[in-house]
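S.K.: Okay, here's what each chain looks like letter by letter:
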Amino acid sequence: MVKHFPGVNALDGVSLSVERGEIMALLGENGAGKSTLIKILSGALTQDSGSYRINGTEVPADASPLDVRKLGIATIYQELSLLPHLSVAENIFLAKEPLSSRVFRVVDYRKMNALARDVLATLKSDHVSVTTRVNRLSMPQQQMVEVAKALASDCKLVIMDEPTTTLTSEDTAVLFEVMRALRDSGVTIIFISHRLEEVFEIADRATVLRDGKLIGTVAIAESTLAEIISMMIGHAMDRDVRQQRPGVDAPTGGANDLLRVENASDGGLVKDVSLQLRENEILGIGGLVGSGRTELARALVGASTLVSGSVWFKGRPVRLRTPEQALRAGLAYLSENRKEEGLNLGLSAGDNVVMADLAAVCRRGVIDSRRRGEAVRSFFGSLQIRGKPESAVGTFSGGNQQKVAIAKWLHVGASVIIFDEPTRGIDVAAKAEVHAIIREFASHGRGAIVISSETDELVRITDRILVMSRGRVVKELGRGEISKDTVLHYATGGR
Amino acid sequence: MGVRNNASVDKPASAAAVRRVPAWRAILGRFGVLVGLLALIIVFAILTPVFLTSGNLMNIVKDATTNALMGAGMTFVILAAEIDLSVGSTLALTSVVGATAMVATGSVWLGVLVMIAAGAIAGLLNGVTVAYLGFPSFIATLGTMWLYRGAAYVYSGGLAVTGLPSSFLSLANGHLVGIPVVVFLIVAVYGLCHFVLTRTAVGRHVYAIGDNNEAARLSGVGVGRLKMLVFVLSGALTGLGAAVYASRLFSAQPVGGIGFELNAIAAVVIGGTSLFGGVGGVLGTLVGAVFMSTLTNGLIILNVSSFWQEVLMGAVLLGAVGLDQYRKRLSEARQGT
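These protein sequences, in sequence, are chains A and B.
For what it's worth, the numbering used here labels the leading residue of the first sequence as 1, then goes sequentially.
For what it's worth, the numbering used here labels the leading residue of the second sequence as 1001, then goes sequentially.
Isolated chain A (complex conformation) (with noise of 0.2 Å):
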């Protein structure tokens, strides 16, 4: 199966067949193909040339996702594509509402909402009711909420595009169980995940992209972590371990500092927060999702408001009311949304890169394009940028469009980013050099903040961290405490 797009081949002869009952991990890093992949298997794009069959039945190359969807493909996105003002039920059976009158389609809703409880209670999600609507509830429950719409279309086939990225471990335990029941049911599942604990968990056999190309297909029983590493990024590579750092001083509360905040509270989840960065050091926020610290992130850049309590930005007592301000001061937060929030998808990469400063690119209140290339490039390279800067961001792969959303911070010269989930989505490699800039940013008296729900990352990169819990801090772990443990430990309520 052959997929060009502009630039590139995003897929190039790649075959693969999947077993009736069995799951199969979909694995390689950002820009391996996988994505176009099931966008293909989906009838989201369509094919240059090649075919593909489900039980024995050619699917045309021009059906669309209602074609293929009627032979029992179910794809749920990694983006949840839920139409946020619908209810539950309406989301379910969105293109399939039972009808209590053929000729006027007219909806059977009290049929709707039965059918729609039975699905959820086989998810065990009973408790979301089917008439709320979807922008009401969380992220695991919307998740939950996409699940049941597959299962609804009874689907001889599910894709999953890394259903895990939003969920807490607990959520994941509760789908894996969901999954094995489908699997036993005689299901297909195709799972795309970056997190290859997940994948020998839940997996029979896993196949590696890379590059476009299939690389193998490997029986996960039969198999190791490190022989699948190997095959997603073409060489051995070590696991890292915990990064030794020079060492850096515990704060003082003193005057080096460079930030620091006593008591904030954003009037609504974030209660009571203090908190202290010194020069060169990177802080772990750690907590589970929906424990306030986005919000917390938020309210200190002026991206929300802050209640009360007392922000001291390199000394000096600061009151940032919007990201304009704090940016200008020099503290910047990259988003956990990059593609919402985090980067203009249209414009280039190059565009992306000086947006935040233009006047820096600029000569006598014009745009100098000499200036401008150079930052670009200079950007391009320092951060090993894959992709051409005139290229619309939104075609790099994920890590490649997080590097670009860390250099416009880079280009502002901030000296504190607040990096939120600075690696999710984004494959092994990428997230390595995505460590690597975070480290090496926090050094020449600038400072990181890294939030994030991966325990790992935190406990490789940052050197000292705070568990937050129902938005309040609830313990510190300095450099001798760090381990995925006490963060877990902390993070779920233990004292």
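Keep in mind the hints are simulated off the structure, nothing from the lab.
One or more hints might be untrue.
As the list claims (entries may be wrong) - Which residues of chain B face chain A? A few of them, derived with a C-beta cut under 7 Å, are:
| no. | residue |
| --- | --- |
| 1 | Leu1124 |
| 2 | Pro1136 |
| 3 | His1194 |
| 4 | Thr1200 |
| 5 | Ala1201 |
| 6 | Val1202 |
| 7 | Arg1204 |
| 8 | Asp1211 |
| 9 | Asn1212 |
| 10 | Ala1215 |
| 11 | Leu1218 |
| 12 | Gly1220 |
| 13 | Val1221 |
Since the structure is predicted, the reported quantities are computational estimates derived from the model, not experimental observations.
Beta carbons: idealized from backbone N, C-alpha and C, even for Gly.
Position chain B relative to chain A; hints supplied.
M.R.: Leaving out everything else, chain B in the frame of chain A:
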């Protein structure tokens, strides 16, 4: 414990957010336009005794009819996150074409049917351009706005079509058991539209594509077909509105209906439907249309100059949009984000 645990974390925050909003403000947010309309009626009733007479109230409804019919179709278009700027010109074109047919055959029914059919065809052309040629609807219908207007001039030679059968007068001006005929028309059209939007698959899919076009497409909703349908509906209801309009004037004017597209959009927006699509409904539009004609009617009775009428209408529209923003913030507060 996972999902449940999360739900329990979310709930206290959102419950607290709801509690912070007093009930009267929540009601104003939900039924703002209706409250505004009632307030307006009370003010006018106090200021002038003529206002609350049954004859005047019937006038208000008759004045609102054409705008209400066009607004019903426009609601579908806007719910699907599109816009139709051509309806004012469609009104002129369909009325001259239909009126000619009426004069030629002497049949009122045939004339009205021709108007509706011509409107549907005009809408079909809009729909094809938007759904299948991929033009943004703002541009596509801006183009057909001139195209249909020009066609109306060319067809009629720029002259009004007169000599209509006198029985045609009763459409806009007649009464049935003491109630204006147009009231039955409005009740029927709005009842049907409301039912379609809230209870049928087609209606729910209109919301779906307005909410998130791509997600709806990937779920198997026939996006192109539906977009065609909303434009056809908008055109057809404009044709019906043209019939009422021509009946009121007892002639069909090729210069008629200039700016009516903006009136229809205003009625939709005042009625609380979001210009971004996916949120709103047809009942609000009816209140919006009646609100607009009530305001005009009351100001005329009070002898306020037509210049000031426009100033006030603009202020009302801005107020309605402000209310919409406020409502959005309320619902975000309720989500606890």
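S.K.: For each hint, tell me whether it holds in the structure or not.
M.R.: Do the hints match the structure? See the list:
The restraint placing B/Leu1124 at the interface with chain A is violated, with a minimum CB-CB distance near 20 Å, outside the 7 Å limit. Hint on B/Pro1136 is violated. Least Cβ distance to chain A is approximately 15 Å, over the 7 Å limit. A distance limit of 7 Å between C-beta atoms decides the matter here; for B/His1194 the minimum to chain A is near 13 Å, and the interface restraint is violated. A hinted interface residue such as B/Thr1200 counts as satisfied when its beta carbon comes closer than 7 Å to some beta carbon of chain A; here the least separation is about 5 Å, so the hint holds.
For B/Ala1201, the interface hint holds, the least distance from its beta-carbon to any beta-carbon of chain A being 4 Å, beneath 7 Å. Interface restraint check for B/Val1202: the shortest CB-CB distance to chain A comes to about 6 Å, inside 7 Å, so the restraint holds. With its C-beta approaching chain A no nearer than about 6 Å, B/Arg1204 sits inside the 7 Å limit, and its interface hint holds. Hint status for B/Asp1211: holds, given a least beta-carbon distance of 4 Å to chain A, under 7 Å.
Restraint check, B/Asn1212 versus chain A: the minimum CB separation of about 5 Å is within 7 Å; hint holds. The interface hint given for B/Ala1215 is met, as the beta carbon of that residue sits about 4 Å from the closest beta carbon of chain A, less than 7 Å. Interface hint status for B/Leu1218: upheld, as the beta-carbon distance to the closest one in chain A is roughly 5 Å, under 7 Å. Nearest Cβ of chain A to the Cβ of B/Gly1220: about 4 Å, under the 7 Å cut. The hint holds.
A hinted interface residue such as B/Val1221 counts as satisfied when its beta carbon comes closer than 7 Å to some beta carbon of chain A; here the least separation is about 5 Å, so the hint holds.
The structure is inconsistent with the numbered hints 1, 2, 3, although it conforms to all the rest.
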